[in-house]
Amino acid sequence: RKEVEQDPGPFNVPEGATVAFNCTYSNSASQSFFWYRQDCRKEPKLLMSVYSSGNEDGRFTAQLNRASQYISLLIRDSKLSDSATYLCVVNSPGGSQGNLIFGKGTKLSVKP
Amino acid sequence: EAGVAQSPRYKIIEKRQSVAFWCNPISGHATLYWYQQILGQGPKLLIQFQNNGVVDDSQLPKDRFSAERLKGVDSTLKIQPAKLEDSAVYLCASSLEQAEVHLNEQYFGPGTRLTVT
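Just so you know, the sequences run in chain order G and E. Each residue of the first sequence is one higher than the one before, starting from 159 at the first, in the working numbering. Each residue of the second sequence is one higher than the one before, starting from 653 at the first, in the working numbering.
One or more hints might be untrue.
[Unchecked claim] In silico DSBU-like pairs for lysine-lysine, Cα to Cα no more than 35 Å straight-line:
{"id": "1", "chain 1": "G", "residue 1": "LYS265", "chain 2": "G", "residue 2": "LYS203"}
{"id": "2", "chain 1": "G", "residue 1": "LYS200", "chain 2": "E", "residue 2": "LYS696"}
{"id": "3", "chain 1": "G", "residue 1": "LYS269", "chain 2": "E", "residue 2": "LYS714"}
[Claimed, not checked] Over the 12 Å line for every Cβ pair with chain E, so calculated as not near, a few chain G residues:
{"id": "4", "residue": "SER186"}
{"id": "5", "residue": "GLY216"}
{"id": "6", "residue": "SER250"}
[Said to hold, decoys possible] Which bits of chain G does chain E cover? Going by a derived footprint, with three or more residues having C-beta under 8 Å, they are:
{"id": "7", "stretch": "195-209"}
{"id": "8", "stretch": "260-266"}
Keep in mind the hints are simulated off the structure, nothing from the lab. Note that CB positions come from ideal geometry on N, CA and C, so glycine has one too.
Extracted from the complex, chain G is given alone in its bound form (with noise of 0.2 Å):
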């Protein structure tokens, strides 16, 4: 099983619409959790953290499942500036604090 894995899609969706993007990760021990969005040919930018309780920010909601080990991040009234790609990050518990392990990524493009 590998370290964190996502659905690598692309999601191809009209504006206005919900999108969810799942994650799993192999290693319970982790603590922390990320979603990371990345534009074509740029580098990774923190999208949020993901926290135990679940979080909003705006449009987006990311919920943690420590049972399941699963992590997922919806997007509601999706924009044409949301298409991108969003990568799962999970820290590595084996490691230093600043340890994190990306997942491949789920491409989203959001059409007109």
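Please arrange chain E on chain G, whose structure you already have, making use of the hints.
Chain E alone, transformed into the frame defined by chain G:
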């Protein structure tokens, strides 16, 4: 606030040649990371520095890759000799040192796109 700076932005070399990349982190960021991102993959950590000390280099192919951060500020990553499979984007990132891991947002530079022919 200036972001993470990297140079060069692009590099094309032949296999068995050497190449070096440079990174200047955000001012005041104690932690610096080098990642390798192969096309279609997520970034993979190569090495992590805390000030001028190595924290984690377990995934650095030490037979050909080396990195240093002598004065605890900017850093260089070298590949010698390069192989075809080293073709990738090399990303540098930096972060503040925080007690709470979830506050350790990593800020990435634009990357150096390496092509080995």
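Against the structure, the hints:
1. G:LYS265 with G:LYS203: Roughly 15 Å separates the two Cα atoms, so the pair holds.
2. G:LYS200 with E:LYS696: With a Cα-Cα distance of about 16 Å, the restraint between LYS200 (chain G) and LYS696 (chain E) holds, given a limit of 35 Å.
3. G:LYS269 with E:LYS714: violated, 45 Å
4. SER186: holds, 16 Å
5. GLY216: Nearest chain E Cβ is 18 Å from GLY216 (chain G), so the label holds.
6. SER250: violated, 8 Å
7. 195-209: Answer holds; 7 residues pass the 8 Å Cβ test.
8. 260-266: It holds: at least three residues are needed, and the stretch 260-266 of chain G offers 4 whose Cβ sits within less than 8 Å of chain E.
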